[in-house]
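*Asks:* Spelled out from the first residue to the last, the chains are:
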Amino acid sequence: MAKKKKQKIQTPKKKETTKAAKGPGFVEKSLTSIKDYWNQKSPVLKFLIGFATCMIIFYLIYLSPFFVENIGKPILTGQAKISSFILNIFGQDTTASKDIISSSEYTISIKNGCDGLETLAIMLSGIVVFPISFRLKWPGLLYGTIALMVLNFFRIVALFFVGKNFSQNVFDILHEQGGFVIFTVLGVFLWIIWANWALNKNVENSIPQTSPTES
Amino acid sequence: MKKYSSLLKYFGFFMLLYLLLFFLFSTTPVASVINNTYRSVTTPVLESIFPKAYLKLEKDSPPESDIYTIRAVFTSKALIEEAQQAARQQGSKKVDLKAQEYDLYLHRLFTSFFLFLISLIIITPINWKQKLLAILTGSILFYGYTVFKIYIFLADLFNRSGLDIYSLSDTGGSIVQGISYVIKSLGTSALVVVIIWILTAFRKSNWKEILKKVGEQSN
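Protein chains in written order, with the working numbering: chain A, 1 to 215; chain B, 1001 to 1219.
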């Protein structure tokens, strides 16, 4: 009786080994590799999907005629006024009218794209979709916005100085290509500063606090 | 300042690398190679996308030939055929046909943002094997994006050119025009670079580690 029972138990084991020897099929292999890729990248891909969605929403708003007329133009006017104020501190004797900053020697116009809002949106979207508590997000949203706005004033002021003192080629490089890239990188680095701060805070908060008497 | 020394180191390294590469790629010999290579690779791709169009990517013509400019010259193949037939009937071998042109500025389209991507990948604290793989896949993805950009610009131009090469419906025309307006902005190129960088250089096992290494704060 005991021998018979043993044989019954062994049979399914034999079947399993034959199946395993054959190996998975093409579809199974593909599914496994997709699953592996997803597991390896999933937090990054989830972050990217959220990030891209935020940016699409931003561009839909940013490029809408309503935003351009009612929000974009007042922002540009404000930026021109503040930048002109900074330039006057450096003795440039400028005046601001709408989006134009002018002096007797040079005139500059701040257009859509020079307002720093695209870089700001990249940084803010990165903060919003980062998988961490909102309690840790709002300082990033607030201080990040202030920092990038201040940096953009310096960008406008610097471009005024470059345009006034150097050739059009140098201005174009700093305005359209190099300058834009550097400003975007500043946004990315501000996001990294925040992410690092938030991750450290998160770890600190997750460690249980012990009172001196307990230790 | 000491608190952010690691971050400043990475930022300084990025600036140095990017400016170095930017000036290198702006020199006439290198820019010329980039211009020739980009045109020779992209022309067949665009020809296969728009088989009904006669389409060539050319260098800027003298006397003011700008090495950073790529000129897309296009017309309808059907128009060429008609003009050739008319010339044959008149016994002439010469076909006189005006093509339309559209200038693409290589720095705006490709170089400055491609170098932005390369610099970002190089400064990312991952091993060199991962960096090379990220540069390779990132370059392919970014090149694909620039071709998509040209495709949208040309589809919009063809639709509005009156050449009757490719005509879009009203809705299709407005969509293409809208996309063309959005991707003309430098911000979208910067955004695409950031997305490609995250996609190629970051993975589950390293992304928090990368953020910590770059933004390391000493107390």
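Heads up, a few of these hints could be off.
Restraint ranges, calculated between C-beta atoms of paired labels, are given here [claimed, not checked]: (1) I57(A) <-> L1168(B): 18 to 28 Å; (2) E69(A) <-> L1136(B): 40 to 50 Å; (3) S1048(B) <-> N88(A): 48 to 58 Å; (4) S1032(B) <-> P43(A): 17 to 27 Å; (5) N169(A) <-> L1017(B): 17 to 27 Å; (6) S167(A) <-> K1098(B): 31 to 41 Å; (7) L1136(B) <-> F166(A): 36 to 46 Å; (8) G1162(B) <-> G25(A): 51 to 61 Å; (9) S1040(B) <-> G78(A): 42 to 52 Å; (10) D1060(B) <-> E69(A): 36 to 46 Å; (11) S167(A) <-> Q1177(B): 29 to 39 Å.
Derived lysine-lysine pairs resembling DSSO-like cross-links, with alpha carbons at most 27 Å apart [as the list claims (entries may be wrong)]: (12) K73(A) <-> K98(A); (13) K1184(B) <-> K1149(B); (14) K1077(B) <-> K1093(B); (15) K1208(B) <-> K46(A); (16) K111(A) <-> K1149(B); (17) K164(A) <-> K137(A); (18) K201(A) <-> K1208(B); (19) K1059(B) <-> K1009(B); (20) K1009(B) <-> K137(A); (21) K35(A) <-> K1131(B); (22) K137(A) <-> K1129(B); (23) K73(A) <-> K1184(B); (24) K137(A) <-> K201(A); (25) K1009(B) <-> K201(A); (26) K1149(B) <-> K1129(B); (27) K35(A) <-> K111(A); (28) K98(A) <-> K1093(B); (29) K1059(B) <-> K1208(B); (30) K98(A) <-> K164(A); (31) K46(A) <-> K1149(B); (32) K1184(B) <-> K1208(B); (33) K1131(B) <-> K46(A); (34) K35(A) <-> K1129(B); (35) K29(A) <-> K1056(B); (36) K1184(B) <-> K1052(B); (37) K1184(B) <-> K111(A); (38) K46(A) <-> K1129(B); (39) K35(A) <-> K1208(B); (40) K1059(B) <-> K1149(B).
Keep in mind the hints are simulated off the structure, nothing from the lab.
In this text, a Cβ means the ideal position worked out from N, Cα and C, and glycines have one as well.
*Asks:* Each hint needs a verdict: does it hold in this structure or not?
*Replies:* Each hint, compared with the structure:
no.	hint	result
1	I57(A) <-> L1168(B): 18 to 28 Å	26 Å, holds
2	E69(A) <-> L1136(B): 40 to 50 Å	45 Å, holds
3	S1048(B) <-> N88(A): 48 to 58 Å	57 Å, holds
4	S1032(B) <-> P43(A): 17 to 27 Å	43 Å, violated
5	N169(A) <-> L1017(B): 17 to 27 Å	22 Å, holds
6	S167(A) <-> K1098(B): 31 to 41 Å	35 Å, holds
7	L1136(B) <-> F166(A): 36 to 46 Å	37 Å, holds
8	G1162(B) <-> G25(A): 51 to 61 Å	55 Å, holds
9	S1040(B) <-> G78(A): 42 to 52 Å	48 Å, holds
10	D1060(B) <-> E69(A): 36 to 46 Å	37 Å, holds
11	S167(A) <-> Q1177(B): 29 to 39 Å	35 Å, holds
12	K73(A) <-> K98(A)	8 Å, holds
13	K1184(B) <-> K1149(B)	8 Å, holds
14	K1077(B) <-> K1093(B)	18 Å, holds
15	K1208(B) <-> K46(A)	14 Å, holds
16	K111(A) <-> K1149(B)	22 Å, holds
17	K164(A) <-> K137(A)	40 Å, violated
18	K201(A) <-> K1208(B)	13 Å, holds
19	K1059(B) <-> K1009(B)	40 Å, violated
20	K1009(B) <-> K137(A)	25 Å, holds
21	K35(A) <-> K1131(B)	23 Å, holds
22	K137(A) <-> K1129(B)	34 Å, violated
23	K73(A) <-> K1184(B)	20 Å, holds
24	K137(A) <-> K201(A)	11 Å, holds
25	K1009(B) <-> K201(A)	23 Å, holds
26	K1149(B) <-> K1129(B)	30 Å, violated
27	K35(A) <-> K111(A)	46 Å, violated
28	K98(A) <-> K1093(B)	59 Å, violated
29	K1059(B) <-> K1208(B)	45 Å, violated
30	K98(A) <-> K164(A)	20 Å, holds
31	K46(A) <-> K1149(B)	26 Å, holds
32	K1184(B) <-> K1208(B)	33 Å, violated
33	K1131(B) <-> K46(A)	22 Å, holds
34	K35(A) <-> K1129(B)	23 Å, holds
35	K29(A) <-> K1056(B)	43 Å, violated
36	K1184(B) <-> K1052(B)	25 Å, holds
37	K1184(B) <-> K111(A)	14 Å, holds
38	K46(A) <-> K1129(B)	25 Å, holds
39	K35(A) <-> K1208(B)	21 Å, holds
40	K1059(B) <-> K1149(B)	19 Å, holds
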